[in-house]
Amino acid sequence: MFGALFLKECRQVLKSLVYYIYVAVFVLFITSQLSSEGWEQLKEPVPGQSYYGETITKDQNLIMEGTLANLVQEVYHNSFATYPMGFYKGVTLTEDEAAAASEILELCTGKSFQTLAEEMTAQLGLYDPNPSADALAAAANYRVPVKDGFTYTAFETAMEDICRLVGRGSSYEKERYENSVYVPMTYEQARAEFDTLCREDRLTRACMRLFCDYAGIMLAVLPIFIGVSRVLRDKREKAQQVIFSRPISSGLIIASRYLASLFLICIPVVITAFWQQRTCYDLARTLGIRSDSWAFLTVTGVWLLPEIMIVLALSFLITELTDTLLAVFIQVAWGIASLFTASTLVGDFGFKLVARWNTFGQAERFASQEKEFLLNRGCYFLLAIVCVILTIIVYDKKRSKGGKAL
Amino acid sequence: MKKTDFCQYGWLTVSFIKRQYYPHLLLTLLLVIFSGGFVSFKGLGDLQAATVMEMYVSFAGILLLTPLFTPEQDKDIRDLERSKATPMWKLYLLRILSAILVCLFVILLFTGFMKRGGSDFETGILFRGACCELLFLGSIGFFVSAVTNQAVIGYMAAVVYYATNIGGGKYFGRLALFQMMQGDYGAWIYWLLGAAVLLTAGVFLRK
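Protein sequences appear in the order of chains A and B.
Numbered according to the numbering used here, the first sequence spans residues 1 to 406.
Numbered according to the numbering used here, the second sequence spans residues 1 to 207.
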């Protein structure tokens with residue numbers, strides 16, 4: 001019975017224009033945005049290079065210096081990037097507030113703001129849209145040292161004052177600045193990173209994490225339309241009463257409908273993942289690395305399946321409950337908010353719907369955050385199941401009332 | 001137009017708002033009420049003010065123009081309306097004009113918020129550009145709804161167009177969104193023409 005219903009539901013989804021728009025947009029987005037540059041330019045680090053990339057630091061001195069360097073630039077341009085409710089909000093300070101921010105900088109560094117601005121322009125030079133390795137190294141090396149005897153506690157207080165001026169969600173909140181100061185990598189660090197990439201990530205896993213990063217953005221939004229459209233279809237086609245009268249349980253109807261939609265949403269994801277992995281797999285063979293040929297299933301399964309499940313399940317629940325397009329507005333807002341709430345594009349999973357990992361590699365950093373990541377995905381997996389159960393209950397109640405909205 | 005016609009069209013528009021359109025007006029109201037949490041209105045320059053209009057306020061266009069064919073998604077209602085003496089295109093035109101009026105009001109409101117926050121920008125040029133861009137984005141949803149007879153696909157098309165323009169604007173030439181925040185204020189005429197074509201085509205298809 002379930003098999004027949006599942007196939008019927010698959011046919012229903014395949015008849016829907018929304019599904020083909022989803023496939024086209026998803027494939028176009030992935031193929032146009034995800035480049036294979038990361039792994040094609042992969043080279044073994046050699047001693048004596050001017051730039052090996054960057055890595056995050058936990059050194060308090062460097063955190064202070066890096067945060068103050070960022071502050072000098074934002075005060076200089078009087079433009080502060082904040083994310084108070086998940087979305088980017090550029091903040092411009094009034095003259096008095098900007099003067100107060102300059103004073104805080106002077107207090108931390110013992111230098112006048114004019115001196116700090118001159119040092120910054122001398123170090124960073126003019127903006128270059130295609131910076132050379134030397135320019136990148138100069139930007140990564142730009143630091144503003146604190147004055148002698150300035151403690152980390154005093155720095156924390158100064159940053160709290162900045163937060164009061166700028167508002168919530170700025171780079172001067174403790175949680176953010178302690179996880180966002182990058183320093184140039186040494187040869188040894190770059191070597192270790194390269195070795196881990198080959199040994200732990202086996203190239204293809206790193207490639208698939210990057211794929212999931214891009215795919216996750218679209219999958220936070222596109223399945224909503226498939227879910228909403230599928231639930232409203234019966235009403236639109238006036239097929240509700242016919243289906244209600246059938247001797248099939250509500251659980252079976254919703255479960256087959258949900259699983260059919262989920263299955264068909266996953267198909268283009270798996271195919272594009274396999275396609276993207278192919279180039280990386282070939283490169284690994286050339287370099288003599290034993291790659292993980294199943295990464296396109298295992299990594300995407302853990303990373304993207306819970307996301308698709310919850311997005312689809314919630315769209316089913318809200319639409320079944322309201323018989324309207326409300327899910328589109330609520331869930332699009334949730335998806336975009338989740339995307340912009342991230343303080344970094346690499347990690348900071350929390351309970352965000354879209355898990356970001358916009359880099360190729362950094363296996364050790366991922367391992368240190370893996371527990372948080374798995375907790376995030378596990379919660380969404382369970383929440384999706386709860387939403388499906390609730391949808392079954394709502395559907396059953398509507399069925400007993402002859403299709404009237406609750 | 002006779003007085004009785006005027007009353008009849010007025011009644012039809014009020015009825016549409018009362019029965020179908022008010023949730024979208026409420027959502028637009030929420031967009032305005034919560035705007036302070038998402039965008040800043042203080043001390044903005046030309047480009048920053050354009051960013052507020054293009055990245056945030058333009059959602060009002062999607063919200064207000066996409067659902068204008070919702071009642072006629074039901075074939076019975078559509079057939080009933082077609083049997084009446086009032087031409088369908090007049091019905092749609094009234095709805096479009098109501099939606100445009102609300103859009104203009106929303107843009108005016110945000111212009112006021114930014115001016116009150118001490119922002120300094122070319123009001124007329126930004127207002128003109130924002131109106132045309134909002135109309136164009138909304139008309140994409142409107143047209144796709146008209147073609148597919150499903151508002152959900154209309155929303156999907158408009159949202160996808162918006163999202164694709166973040167980073168992919170080069171593929172859309174002069175019809176790309178977010179040009180004003182890069183300092184290019186010349187695209188308004190293309191947006192306006194695009195909106196006019198899509199709205200007319202939508203009405204023509206559904207009449």
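A portion of the hints provided could be inaccurate.
Below, a list of computed lysine-lysine pairs in the DSSO-like style, where the Cα atoms sit at most 27 angstroms apart [as the list claims (entries may be wrong)]:
| id | chain 1 | residue 1 | chain 2 | residue 2 |
| --- | --- | --- | --- | --- |
| 1 | A | Lys398 | B | Lys42 |
| 2 | B | Lys90 | A | Lys398 |
| 3 | B | Lys42 | A | Lys174 |
| 4 | A | Lys8 | B | Lys75 |
| 5 | B | Lys84 | A | Lys238 |
| 6 | B | Lys75 | A | Lys401 |
| 7 | A | Lys235 | B | Lys42 |
| 8 | A | Lys58 | A | Lys235 |
| 9 | A | Lys238 | A | Lys58 |
| 10 | B | Lys18 | A | Lys398 |
| 11 | A | Lys401 | A | Lys238 |
| 12 | B | Lys18 | B | Lys90 |
| 13 | A | Lys15 | B | Lys75 |
| 14 | B | Lys18 | A | Lys401 |
| 15 | B | Lys18 | A | Lys238 |
| 16 | A | Lys235 | B | Lys18 |
| 17 | B | Lys75 | A | Lys238 |
| 18 | B | Lys207 | A | Lys238 |
| 19 | A | Lys235 | B | Lys170 |
| 20 | A | Lys15 | B | Lys170 |
Sample of chain B residues facing chain A (criterion: CB under 8 angstroms; computed from the structure) [to be verified]:
| id | residue |
| --- | --- |
| 21 | Ser40 |
| 22 | Gln150 |
| 23 | Ile153 |
| 24 | Tyr155 |
| 25 | Leu175 |
If you're looking for bench data, these hints aren't it; they were derived computationally from the structure.
Yeah, the Cβ is synthetic: ideal placement off N, Cα and C, and Gly gets one too.
Verification of the supplied hints:
In summary, the hint linking lysine 398/A to lysine 42/B is not supported, as the alpha carbons are separated by about 49 angstroms, beyond the 27 angstroms threshold. Restraint check for lysine 90/B and lysine 398/A: not satisfied, since their Cα atoms lie roughly 37 angstroms apart, outside the 27 angstroms limit. A threshold of 27 angstroms between alpha carbons decides the hint, and for lysine 42/B with lysine 174/A the separation of about 25 angstroms falls inside it, so the pair holds. With a C-alpha separation of about 25 angstroms, the suggested pairing of lysine 8/A with lysine 75/B holds against the 27 angstroms cut-off.
Among the hinted pairs, lysine 84/B with lysine 238/A is consistent with the structure: their alpha-carbon atoms are about 24 angstroms apart, no more than 27 angstroms. Annotation: proposed proximity of lysine 75/B to lysine 401/A holds, straight-line Cα distance about 24 angstroms (limit 27 angstroms). A threshold of 27 angstroms between alpha carbons decides the hint, and for lysine 235/A with lysine 42/B the separation of about 47 angstroms lies outside it, so the pair is violated. With a C-alpha separation of about 57 angstroms, the suggested pair lysine 58/A and lysine 235/A falls outside the 27 angstroms cut-off, and the hint is violated.
For the hint linking lysine 238/A to lysine 58/A, the alpha-carbon distance of about 61 angstroms lies beyond 27 angstroms, and the restraint is violated. Between the alpha carbons of lysine 18/B and lysine 398/A the distance comes to roughly 25 angstroms, so the proposed pair stays at or under 27 angstroms and holds. Between lysine 401/A and lysine 238/A the CA atoms are separated by roughly 16 angstroms; this keeps the pair inside 27 angstroms, and the hint holds. Only pairs whose Cα atoms come within 27 angstroms are accepted, and lysine 18/B paired with lysine 90/B is accepted, the gap being roughly 19 angstroms.
Among the hinted pairs, lysine 15/A with lysine 75/B is consistent with the structure: their alpha-carbon atoms are about 19 angstroms apart, no more than 27 angstroms. Restraint check: the Cα-Cα separation between lysine 18/B and lysine 401/A comes to about 26 angstroms, which is no more than 27 angstroms; the hinted pair holds. The suggested pairing of lysine 18/B with lysine 238/A holds, with an alpha-carbon distance near 24 angstroms, which does not exceed 27 angstroms. In summary, the hint linking lysine 235/A to lysine 18/B is supported, as the alpha carbons are separated by about 22 angstroms, within the 27 angstroms threshold.
Taking the CA atoms of lysine 75/B and lysine 238/A, the gap is about 10 angstroms. The hint holds against a cut of 27 angstroms. Under the criterion of a C-alpha separation no larger than 27 angstroms, the hint pairing lysine 207/B with lysine 238/A is consistent with the structure, at around 23 angstroms. Between lysine 235/A and lysine 170/B the CA atoms are separated by roughly 40 angstroms; this puts the pair beyond 27 angstroms, and the hint is violated. A C-alpha spacing of about 32 angstroms is found between lysine 15/A and lysine 170/B, which places the hinted pair above 27 angstroms, so the restraint is violated.
Residue-level restraint check for serine 40/B holds (minimum Cβ-Cβ distance to chain A is 5 angstroms; threshold 8 angstroms). The beta carbon of glutamine 150/B comes within 7 angstroms of a beta carbon in chain A, closer than 8 angstroms, and the hint placing it at the interface holds. Satisfaction of the interface hint for isoleucine 153/B is found here, the shortest Cβ-Cβ separation to chain A being roughly 6 angstroms, below the 8 angstroms cut-off. A hinted interface residue such as tyrosine 155/B counts as satisfied when its beta carbon comes closer than 8 angstroms to some beta carbon of chain A; here the least separation is about 5 angstroms, so the hint holds.
Nearest Cβ of chain A to the Cβ of leucine 175/B: about 17 angstroms, over the 8 angstroms cut. The hint is violated.
In summary, the structure is inconsistent with hints 1, 2, 7, 8, 9, 19, 20 and 25 from the numbered list given earlier, while agreeing with the others.
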